[in-house]
Amino acid sequence: MTENIVEVVSIIAAALAVGFGAIGPALGEGRAVAAAMDAIARQPEAAGTLSRTLFVGLAMIETMAIYTLVIALLVLFANPFV
Amino acid sequence: MDNPLTVDTLFHLGPVPITTPVAVTWALMIGLTLFAWLSTRRLALVPGTLQTVLELFVTTVDGQVHDTMQRDPAPFRALIGTIFLFVLVANWTAVLPGVEPPTAHIETDAALAMIVFVATIAYGISGRGWRGYLATFAEPSWVMIPLNLVEQITRTFSLVVRLFGNVMSGVFVVGIVLSLAGLFLPIPLMALDLLTGAVQAYIFAVLATVFIGAAAGETPVAAKPDKEDTSP
Chain A
12 MTENIVEVVS
22 IIAAALAVGF
32 GAIGPALGEG
42 RAVAAAMDAI
52 ARQPEAAGTL
62 SRTLFVGLAM
72 IETMAIYTLV
82 IALLVLFANP
92 FV
Chain B
917 MDNPLTVDTL
927 FHLGPVPITT
937 PVAVTWALMI
947 GLTLFAWLST
957 RRLALVPGTL
967 QTVLELFVTT
977 VDGQVHDTMQ
987 RDPAPFRALI
997 GTIFLFVLVA
1007 NWTAVLPGVE
1017 PPTAHIETDA
1027 ALAMIVFVAT
1037 IAYGISGRGW
1047 RGYLATFAEP
1057 SWVMIPLNLV
1067 EQITRTFSLV
1077 VRLFGNVMSG
1087 VFVVGIVLSL
1097 AGLFLPIPLM
1107 ALDLLTGAVQ
1117 AYIFAVLATV
1127 FIGAAAGETP
1137 VAAKPDKEDT
1147 SP
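Chains A and B, in that order, give the protein sequences.
According to the numbering used here, the first sequence is numbered sequentially starting from 12.
According to the numbering used here, the second sequence is numbered sequentially starting from 917.
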């Protein structure tokens, strides 16, 4: 029974981690892309530099969401308490 | 659903277990090395189609490295180009049936990030000298030394986790959709995986360039012969 409770709590915790962990990066990526679109619209000749910087920045922001994903996977598949 | 954090042993080489990602990595290494050797064996002044493609690739890598570092790309071309090409091909093996990308396992990504970590230190020392490189850790003031040391670890770790998380989640999602919905539905997701794989390879290479460029310093070093294995 205790084993079962730990597993149930782990799955709920993984879902919560990914769900809430995705909010911040999603908002951040939205702002970054909006700013880049704005800049490209104002200055189309700088599109190359802007999109390169945008990609790197998006990867940086996205890493936060990936961290929560990895935590969720650790909880699901490598849980020390199961 | 397989556990993405474990690897299955393919065969044993003496007492050493050889896992599937290692075997795929070796196949990729052999393939890339053979391709590089065969395609650069007869270089002509008036290039053929293959040589034009290779020259375009090298020029693009040079341009990106130059744009990022603002210095002569020659000492970094081999390392950055090889990292980009290997990560790209490794991510794209996801489309081959029965082959899982080696970058979807955390060990391969850790090895790649360790290469970047060691290369950062090596280029830093060769660019600034021992004392100069160690002095960069106390850059704004000596208070920052612990933070700068921690940054070395965390940015390497985030390189590992970024590549692992992106590629692994792509493979994982395709597996889940395949088990739920059948044969043809994962195809758009696999196309998305190709894009993600290319972007991640680009980002891994650019971040390696940024780290190495920051370590090597602003003043251009004299061009030195490449020590790394040179794929184009």
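Because the hints were derived from the structure by calculation, they are not lab data.
Just so it is clear, CB atoms sit at the ideal spot from N, CA and C, and this is done for glycine as well.
Some clues are possibly wrong.
What the hints assert, rightly or not - Distance ranges between label pairs, derived from CB positions:
hint : chain 1 : residue 1 : chain 2 : residue 2 : range
1    : B       : Thr936    : A       : Ala45     : 38 to 44 Å
2    : B       : Leu1105   : A       : Ile51     : 26 to 32 Å
3    : A       : Phe31     : B       : Val932    : 41 to 47 Å
4    : A       : Ser62     : B       : Ile1103   : 47 to 53 Å
5    : A       : Val67     : B       : Thr936    : 29 to 35 Å
6    : A       : Asp49     : B       : Leu926    : 46 to 52 Å
7    : A       : Gly35     : B       : Val932    : 40 to 46 Å
8    : B       : Arg958    : A       : Ala89     : 31 to 37 Å
9    : B       : Met945    : A       : Ala89     : 38 to 44 Å
Hint check results:
1. Thr936/B - Ala45/A: 38 to 44 Å: The hinted range 38 to 44 Å holds for Thr936/B and Ala45/A, with Cβ atoms some 42 Å apart.
2. Leu1105/B - Ile51/A: 26 to 32 Å: Holds, since Leu1105/B and Ile51/A (Cβ atoms, about 28 Å apart) stay within the stated range.
3. Phe31/A - Val932/B: 41 to 47 Å: Once the Cβ atoms are compared, 42 Å apart, the range 41 to 47 Å for Val932/B and Phe31/A holds.
4. Ser62/A - Ile1103/B: 47 to 53 Å: violated (27 Å)
5. Val67/A - Thr936/B: 29 to 35 Å: holds (31 Å)
6. Asp49/A - Leu926/B: 46 to 52 Å: holds (51 Å)
7. Gly35/A - Val932/B: 40 to 46 Å: holds (43 Å)
8. Arg958/B - Ala89/A: 31 to 37 Å: Hint violated: Cβ distance 51 Å, outside 31 to 37 Å.
9. Met945/B - Ala89/A: 38 to 44 Å: violated (29 Å)
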